[in-house]
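Enquirer: Below are the chains, spelled out letter by letter.
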Amino acid sequence: MLVIAIILAAVAAVQGARYVRRGHKSQWTVLWMLFCFVAQLTILSIRGEMRASCPLGDTGEVLIFSAWSLTMFYMAVGSVYRLSLLGVFTAPLVCFLLSLALMPGMLDASPERKTVVDGWRESHAAFSVLAYGALGLAAVAGVMFIVLNRQLKDAHMSTGLFANLPPARDLSKVVGRLLLLGFALLTLGLICGLVMEKTGAANKHLYVALGQWAAYAVLLILKWWRGMPPGKLAMAAVLLFVLSLMIFPLIN
Amino acid sequence: MGLNHETAPVEVREHFAVSEEQLGLQASRLTELTTIAEGVVISTCNRMEVYVAAEDRQMGLDVLRQHLSVDHDDEDMSHLYQKCGDDAKQHLFALVCGLDSMVLGETEIFGQVKHAYKQAFEAGATKGMLNRLFQKSFAVGKRIRTHTRIQMGATSVGNVAVDLAEKIFGKLNGSHVMIIGAGETSRLVAKSMISRGASQLTVTNRSIERARSLAEELSGEVVPFDSWEEALVKADVIVSSTGASEPVLKASQIEAVRKKRKFRPLFLIDIAVPRDIEAQAGDIEEVYLYDIDKLQQLASLAKESRAKQVKLCEQMIAEEISQTS
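Those protein sequence lines, which keep their order, are chains A and B.
The working numbering numbers the first residue of the first sequence as 62 and each following residue consecutively.
The working numbering numbers the first residue of the second sequence as 170 and each following residue consecutively.
Calculated from the structure, these hints are not laboratory results.
Heads up, none of these hints are tricks.
Taking lysine-lysine pairs in the DSS-like style, the calculated list, with each CA pair at most 30 Å apart, reads: (1) LYS428/B <-> LYS463/B; (2) LYS431/B <-> LYS234/A; (3) LYS265/A <-> LYS284/A; (4) LYS419/B <-> LYS214/A; (5) LYS340/B <-> LYS234/A; (6) LYS360/B <-> LYS214/A; (7) LYS472/B <-> LYS305/B.
Just chain B, same shape as in the assembly (with noise of 0.2 Å):
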């Protein structure tokens, strides 16, 4: 039983949310209940889902419906959604593989649901039942993962970024990025970089203030908006966002430091409009230029792919419920 972001809003999600801490003691509660033996809470941001086993499915489903009616509101009751025998199976399987995740395949969802589980487990909630279940449904995850690409490709413009950035200089360890216009894009792609392994960040911005501001929480330095350029020769990433209505980089500006960058490969992400950066800079060699409509693309296409992958996926599961069952 449970809801998640497809049938409940935020604000009636929050109100069934479980901390971290409290997962093992509330499934140990669950087995206090008459009828239930076992229980696990998941809770995310995006779901909050109770598996039990009871010795009576009927009862089981009242008893548990009465339980979570004890805080919450007809309203928020109404919200949820309940799934018994090889229907629940097929759903955890498929939430473990990220199949009911708001974006599809994620894998965090997989971390989150071991996560539940082992503290159920080490509050007593599970036995026989549950621990197989769960159990079998890490192996499936894990089997999709391997055998389909559920996973493959990066679905916002962040990540892709970032899995470019990888792509082309490996681990971002001592990578230096450099953003120039401090916008709030410009800064979830500098924090993915740096929680990536990225370790010198430059920012400038005609408004110094809000360079200093992006610098300071982000542990980079400032440069001046007039002498930007000179950063330039140690740049390995740019990340461009400024409200210019001309390019900000010009080609003949990465030309003229290539001999002082010792031609290393430098990625320059424009994601400006009108664009920042002119597209002449990507004919340079060793220069990687993506600019927002090139991001999007790749976003859509990797999220296209996924949806693909879907039907694989079910029948997978399929498969594997037929074998257990």
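With the rest of the complex left out, here is chain A (with noise of 0.2 Å):
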């Protein structure tokens, strides 16, 4: 079934891609991309019952769950703001985690059920991973508009990715909201983190979440209270998830 939502992950890029060079929307990106998220929907229903209980219990589970999340919203924001594009631009990013989710050692074989469900452990991962979909997805939507700030800036208009990218002032917007849905995620997650049973490496863990949450924390801040460039706020989404990615390590 990963393997499955693998590929159907790497159709919505390839496919994408080609309509996007051609200066076409491709209107089966977002159907690629739900059969994808039923897939991984699936894998984690198996996990779910497998541990009998959410399925975040080794890193191979974390990465399928943040991939269904960034699925998820893309999901929901994609047709909000008719953002099609931005199916193209987080196929890749979900194929990508899939696929370090199949490599060797990351998905236990045979997870042990928990016969003892800490509900604050269980709501903490949870919200978490859901926060990492979000800002996962302000990171990918934030690419976008670097990108397109550049073609605009070059006046390099010819190009069919600058014919289907969205207006930069709307995909600033998107940036901004799921900044602001990912920090109410993850500040979700913090709180039941707070609250859950501690085991011996959950202080190092602690920290680097607290620093994750004030630098998402100190962004927002400052873009609500004197305003931020967009390209400045979308590089920052962009390079505050590619540093929040390395937590992942620290997890176990």
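Build the complex from these two chains, which are given one at a time in their own frames, with help from the hints.
Expert: Printed below as a string of structure tokens:
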């Protein structure tokens, strides 16, 4: 099922990119991504059944959950803001995350079935990974903004990509709103994390999570309080997400 | 049978022009002529064309020519072209796709042909043959627009500027446009912006009378030329075309209001020669600066790109004709 999900994301990415090069919008990207979403949901359901808890017990599951979350936010945002091209940018990232999950050692073949479930721990993990989905999509929209901004600055209007990219102001708004949504989810995850029962490795994890939360908080406060050039906001969204991805190895 | 901007000057075209309301009536009059069973009359500022289905081709042409010559002299009639059978089909398909237009690939003609056909249909001037032909032409037009780039890119400076504004701001509803220097090109660009939704307009000019006149025409407000900098905070788009020999808008002036503007995007259109806006303004992150050369270059690129698509469009039209023959 994981391989199917990877293939679907890859098809969405490749076909979408080919359409964009020809200057057309791909009507199929949303459909491939929808199938990919269903495939990811199926994997997570199976893993959830095996664990008898939220499927976030190993790095592979975290990667699949993140890809699922990213796809879910794309489905929501892409249709609301008519950002169909967002799928062409999101699909490669989803494909990358799922491919990482497929690597040996990432997914536990026979996950331990939990007898006691800590609700706070489960909520912490779920909110945090959902936050990664929203923040990841903010980064994807940020990359789209950076590409469009460069093309507008250099007056490169003749490419198929330029024709299909949504307006710069809309992209910037999407980046801001997704950052806000991601931050809210991150805050909920952090609150659950502070309440949950601590293990030995939790301190390091907590400091990094607090640092990450503070970085996003500063970014959003700066944007709200004094404003920020859209290019800087987009760049910050991308950089902070890349840095956030580095927290993964510290989770387990 | 008809004439267009390539075969006839405007003074001849205006003799043949048919008003929008008369298209149906004129089409139904054609069907009263001997051997002519169906008719459609198309009339735009660049062309007047008559499409008929006749029982006898040669007789149909003669009757039609005679009908048109009633109100026109020999000089006017010498500008007419005539096409029959597949040539006429090919012409109509190319026309609907904008291949025969003054601005290659323009889309307005599609609507104009559709309107002319609708008028003729409602007047009872079309039956099986022309109904099929025109329906087919609309399908071909849609197919060509979807599968080629014949309509991609703006081909005039004004349209390039408006397209760019929409690429930066999305819908221009609520956008604030500021005009520095009340020249003709500024007026045209401002009008285009307003037609696409820009709702607030500020005009400033050395001659306050000219500024007032333009502001009145476009329902905007006037700002005195020595205090327009305050309006910079509100503006989303600035169109500048003064005759000044030194830059009117400097990068430092924009830098000074960036915080007040909360770093909102600012689109600067400089259509003056010598340039009105300091080139360094374009280095400011949220500022997009386009001078007349850049705009003209983009318009030329779009024209070239459209011209390259003509061959592909003609091939597609030929395929469609071979399928219908």
